[in-house]
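Student: Listed below are the residues making up each chain.
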Amino acid sequence: MSEHRDIDITVNGTHHRQSVPVRMTLADFLRGRLKLTGTHLGCEHGVCGACTVLVNGRSARSCLMLAVQANGREVTSVEGIAPTPDQLHPLQQAFIDNHGLQCGFCTPGLLTTLIEFLRDNPDPTEREVRVAISGNLCRCTGYEGIVAAALDAARRMRAGNGQTGGASA
Amino acid sequence: MKPPRFGYHDPETVGEVVQLLGTLENNKLLAGGQSLMAMLNMRYLLPDHLIDLNRVTALDYLRESGGTLQIGAMTRQSDMEFSALVRKNCPLMDEALPHIGHRQTRNRGTLGGSLCQLDPSAELVTVAAALDANVTICGPQGERNVAFVDFPLGYMTPAVEPDELLTGVQFPIWKAGHGYAFVEFARRHGDYAVVSAAALLEENAEGKVTRVALALGGATAVPLRMTAIEQALLGNTVSESLLRELCETCREIDAMADVHSPASYRRQLATSLSRRALLLAHERAVAARRTPPLARDGNQSGENRS
Chain A
14 MSEHRDIDIT
24 VNGTHHRQSV
34 PVRMTLADFL
44 RGRLKLTGTH
54 LGCEHGVCGA
64 CTVLVNGRSA
74 RSCLMLAVQA
84 NGREVTSVEG
94 IAPTPDQLHP
104 LQQAFIDNHG
114 LQCGFCTPGL
124 LTTLIEFLRD
134 NPDPTEREVR
144 VAISGNLCRC
154 TGYEGIVAAA
164 LDAARRMRAG
174 NGQTGGASA
Chain B
70 MKPPRFGYHD
80 PETVGEVVQL
90 LGTLENNKLL
100 AGGQSLMAML
110 NMRYLLPDHL
120 IDLNRVTALD
130 YLRESGGTLQ
140 IGAMTRQSDM
150 EFSALVRKNC
160 PLMDEALPHI
170 GHRQTRNRGT
180 LGGSLCQLDP
190 SAELVTVAAA
200 LDANVTICGP
210 QGERNVAFVD
220 FPLGYMTPAV
230 EPDELLTGVQ
240 FPIWKAGHGY
250 AFVEFARRHG
260 DYAVVSAAAL
270 LEENAEGKVT
280 RVALALGGAT
290 AVPLRMTAIE
300 QALLGNTVSE
310 SLLRELCETC
320 REIDAMADVH
330 SPASYRRQLA
340 TSLSRRALLL
350 AHERAVAARR
360 TPPLARDGNQ
370 SGENRS
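Order-wise, the sequence lines are chains A and B. The numbering used here puts the first sequence at residues 14 to 182. The numbering used here puts the second sequence at residues 70 to 375.
Check before you lean on any hint, since a few could be wrong.
[What the hints assert, rightly or not] Derived contacts from chain A toward chain B, CB cut-off under 10 Å, selection only:
| hint | residue |
| --- | --- |
| 1 | R18 |
| 2 | L47 |
| 3 | L49 |
| 4 | G55 |
| 5 | V68 |
| 6 | L79 |
| 7 | F130 |
| 8 | I146 |
| 9 | N149 |
| 10 | C153 |
Read the hints as simulated data drawn from the structure, not as lab findings. Heads up, the beta-carbon is just placed ideally off N, CA and C, and yes, glycines get one too.
Please work from the sequences and hints to get the whole structure.
Tutor: So this is what it looks like as structure tokens:
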């Protein structure tokens, strides 16, 4: 019987109290226990970035963190970034409008990574965006659409609107 | 679940950590987890006990005191990256930090974890070597201080006993306006550097070198201080031709080899990167002499964040 611990954790604004095996990663907790399968697991050793979530507002690889370490913390996964269930975050809309995803496997990690990045750098250069997403591997689109989406989202968020299709090229 | 079974302990004080280290067999300290968690997921390591340092808040600090920058072992790399104290007092470290992994890993990765993992290519290891950092280690007998030159015992082996932990690091602050440069070559941004070079340079009003440090990471199993180059520069005026000549001695380094880079390639990188780092440090020292301190602070932060 492996060791368990009770944890209190807030995920996307909802509080959870659960007993978890101490060796369970935060990623497995989100996916397996809370059924929040938007957090994707690619490599499970911190290279691909697909499992990136925000812990107390800071991006982290949820495969390199134990669920028990998130005790008392606030976690935001990709399911928690849209303002309402029927409205997309401007970053999500920009990904759609700029062909920022194809298969979508890397997208949750890119979105959470970019939420933090654009919060700290509202007006980034293309070079800065490329460095910011250097820890997220995408195997379909070749990053061009992703970078364009990030820059477009930055413009929309600076303009203070999340409206679709309104961004200038 | 990928990690193996282990007992989990999350003490809140250094004293409790030392006590656990002394009583738990086959234990492992968990700092930021950006290397250890990956190794657990792959089951390269099978510890019976994990001692998590993330609740030991006393190890998370960053302050300037007595001519040194003092940083706690559990201070996150991203907190160092965005610290005005680091930028002002230790621009070399400020320049090196963005090269460490990615934002997501720097948000978790710690100074102490990086130094104790002691990967020969780790940026903070090279920076600590260049700055002659002083490492504080705590064990059952209390605290002891180790000069960084004595810290690496060998490849990825720090001078920390099984019943001890690294608690903090003191980095000597160089004179305001000193030259500095951190350069590295990696196959992709965020990868471990194949070779990195950290240079520090103080020059007097006549442009003579009064103090200098050059450290190489990734070339050898432990960080390498190029003391012969440092000695040759002292009292001299830096020029590109002098650096070119002095850095040729890097071709004699007994460099490591791996599947990506043979020793000859590492020697070539060591030669080029040493020259580039020293030249950039020199150019910055010259620029600092020509610029009043107030304007210089503004310029530096702008340059580093661009």
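Student: To test your reading of the hints: which numbers does this structure violate?
Tutor: Violated: hints 2, 3, 4 and 10.
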